[in-house]
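All residue numbers in the sequence shown are consecutive under numbering that gives the first Met the number 0, ending with 219.
Some hints here could point you the wrong way.
The following label-pair restraints were derived from C-beta to C-beta distances [claimed, not checked]: (1) Ser64 with Pro106: 27 to 35 Å; (2) Gly212 with Pro63: 21 to 29 Å; (3) Ile28 with Lys69: 40 to 48 Å.
Derived DSS-like pairs: lysine-lysine, alpha-carbon spacing no greater than 27 Å straight-line [claimed, not checked]: (4) Lys69 with Lys208; (5) Lys48 with Lys69; (6) Lys202 with Lys216; (7) Lys89 with Lys67; (8) Lys7 with Lys81; (9) Lys67 with Lys92; (10) Lys185 with Lys89; (11) Lys82 with Lys202; (12) Lys92 with Lys202; (13) Lys92 with Lys82; (14) Lys216 with Lys172; (15) Lys81 with Lys92; (16) Lys185 with Lys172; (17) Lys7 with Lys46; (18) Lys46 with Lys92; (19) Lys92 with Lys48; (20) Lys208 with Lys172; (21) Lys69 with Lys92; (22) Lys69 with Lys89.
Keep in mind the hints are simulated off the structure, nothing from the lab.
If you're wondering where the values come from, they're calculated on a predicted model, not measured in any experiment.
Beta carbons: idealized from backbone N, C-alpha and C, even for Gly.
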Amino acid sequence: MKKNNKLKLVILGAGGNATVIASAVEDIIDAGGDYEILGYLDDIKEKGKLINNYPVLGTVPDAPSYLKDKDTMFVYSLLTAKKVNERIEKLMKLNLPMERFATLVHPQATVSRHSSLGRGVVIMPGVVISPNVSVGNFVLIYANSLIGHDVSIGDYCFVANCVSVGSTVALGKGAYLGSNSSIREKVNIGENALVGLGAVVIKDVPDGKTVVGNPAKVLS
Numbered sequence: 000m001k002k003n004n005k006l007k008l009v010i011l012g013a014g015g016n017a018t019v020i021a022s023a024v025e026d027i028i029d030a031g032g033d034y035e036i037l038g039y040l041d042d043i044k045e046k047g048k049l050i051n052n053y054p055v056l057g058t059v060p061d062a063p064s065y066l067k068d069k070d071t072m073f074v075y076s077l078l079t080a081k082k083v084n085e086r087i088e089k090l091m092k093l094n095l096p097m098e099r100f101a102t103l104v105h106p107q108a109t110v111s112r113h114s115s116l117g118r119g120v121v122i123m124p125g126v127v128i129s130p131n132v133s134v135g136n137f138v139l140i141y142a143n144s145l146i147g148h149d150v151s152i153g154d155y156c157f158v159a160n161c162v163s164v165g166s167t168v169a170l171g172k173g174a175y176l177g178s179n180s181s182i183r184e185k186v187n188i189g190e191n192a193l194v195g196l197g198a199v200v201i202k203d204v205p206d207g208k209t210v211v212g213n214p215a216k217v218l219s
């Protein structure tokens, strides 16, 4: 990478998550971050379409063509509650090097120096990540969420706005925590499990299950 060059970002996906991420990157740039948004890659929206001033550059399978420029990085925005495995498979088929995925932390977020973030992670404003937290790859943590100490967050997890995760919690791969949900300390959330809006989880959630309510109960 050439010294002092801006990192150019290509966002995989052009849906709602992508626009929120692009807005966060703008804030990072305003705070002095050395980034430039090239645009989006999306399989549905038309090439050339402008979304909040950034163009759709092509489809997701076009991503490998951007590897030629060493200053270009990717941002993953394809997470969804109902199609986690499908989206993971689509990403794996691209065979993109892990080191080419940017990890972005909003300037208004707080991440303990004693915690670790994987590749392709985006941390939104107001998030607080306590000490000794391990965040996997391709994780999105949205605004004003609190992650307690000694939490493990698996790959492809989505933590929506205003979520409270107690200490010593484990989130399995692809877990989805809905807005305003709360997870009691020492609880395990299984792989591809879904925690509904405002749910209060006080016991383990099995793989692939959906829980809702206060206290949270299995819906399906």
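Fill in: Ascending list of hint numbers which this structure does not respect
Violated: hints 2, 3, 4, 8, 10, 12.
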